[in-house]
Amino acid sequence: KAGVTQTPRYLIKTRGQQVTLSCSPISGHRSVSWYQQTPGQGLQFLFEYFSETQRNKGNFPGRFSGRQFSNSRSEMNVSTLELGDSALYLCASSLVGDGNTIYFGEGSWLTVV
Amino acid sequence: SQQGEEDPQALSIQEGENATMNCSYKTSINNLQWYRQNSGRGLVHLILIRSNEREKHSGRLRVTLDTSKKSSSLLITASRAADTASYFCATESNSGGSNYKLTFGKGTLLTVNP
Numbered sequence: 010k011a012g013v014t015q016t017p018r019y020l021i022k023t024r025g026q027q028v029t030l031s032c033s034p035i036s037g038h039r040s041v042s043w044y045q046q047t048p049g050q051g052l053q054f055l056f057e058y059f060s061e062t063q064r065n066k067g068n069f070p071g072r073f074s075g076r077q078f079s080n081s082r083s084e085m086n087v088s089t090l091e092l093g094d095s096a097l098y099l100c101a102s103s104l105v106g107d108g109n110t111i112y113f114g115e116g117s118w119l120t121v122v
Numbered sequence: 049s050q051q052g053e054e055d056p057q058a059l060s061i062q063e064g065e066n067a068t069m070n071c072s073y074k075t076s077i078n079n080l081q082w083y084r085q086n087s088g089r090g091l092v093h094l095i096l097i098r099s100n101e102r103e104k105h106s107g108r109l110r111v112t113l114d115t116s117k118k119s120s121s122l123l124i125t126a127s128r129a130a131d132t133a134s135y136f137c138a139t140e141s142n143s144g145g146s147n148y149k150l151t152f153g154k155g156t157l158l159t160v161n162p
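Here the protein sequences come in this chain order: E and U. Under this note's numbering, the residues of the first sequence are numbered 10 to 122, in order. Under this note's numbering, the residues of the second sequence are numbered 49 to 162, in order.
Derived from the structure by calculation, the hints contain no laboratory data. Because the structure is a prediction, the values reported are computed rather than measured. We treat Cβ as the ideally placed atom computed from N, Cα and C, and that holds for glycine.
SDA-like cross-link-like pairs, simulated, lysine to any residue; straight-line CA separation at most 25 Å:
| id | chain 1 | residue 1 | chain 2 | residue 2 |
| --- | --- | --- | --- | --- |
| 1 | U | K104 | U | E53 |
| 2 | U | K74 | E | Q53 |
| 3 | E | K22 | E | E84 |
| 4 | U | K154 | E | R18 |
| 5 | U | K117 | U | H93 |
| 6 | U | K74 | E | T110 |
| 7 | U | K154 | E | Q46 |
| 8 | U | K118 | E | T110 |
| 9 | U | K74 | E | N65 |
| 10 | U | K104 | E | D107 |
| 11 | U | K117 | E | N109 |
The following residues of chain E were derived to be distant from chain U, with all beta-carbon distances above 12 Å:
| id | residue |
| --- | --- |
| 12 | L20 |
| 13 | S79 |
| 14 | E84 |
| 15 | V122 |
The shape of chain E in the complex, shown without the other chains:
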């Protein structure tokens, strides 16, 4: 069974640009969540989706957005990139997102220059 797949794995963007990251959950998993990992702030929750609906959102500015498609695949978008957005963005999936094991992908390394 394939794990959580994230693309791209590495990318470099310039301040002010926008970026879209993609995540394919484990087959059968309907909950997809996103986390940001930085050396200073650690792992922080961005948002969670289930059946195309956002059920929870972390304390991030509106520049961070996401969506989920009917096949459970998800994308997150960051607009007007800032240097501080440089981070490892991790996608995770679980069966229903509450009380189940949550599995993570390898992440997308974003560098903003």
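Since chain E is already given, all that's left is putting chain U on it; use the hints.
Positioned in the frame of chain E, the structure of chain U alone reads:
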């Protein structure tokens, strides 16, 4: 905000020794999960323990949970160089808008010397 706090922040041991990492948290939880992360990689799920459980085992791993003290511990027995990684505890709660998300601690960096 960080829910879990791992202790110690860093741990260095010799191969074959046991490694114990602790995690404390602040609010009531549904479950607690432990993850391993090798440098620059994603998180690998190790074990999930529910709030009504006190101890779980998986191979060389043993996890305990004390909800009265709001703490958990991860024991890795007979450590190997390949166990070198950062270890995180993460809690899942269903109160105060905490549904459907994990709240992580800052992690323990474990180094196992050959």
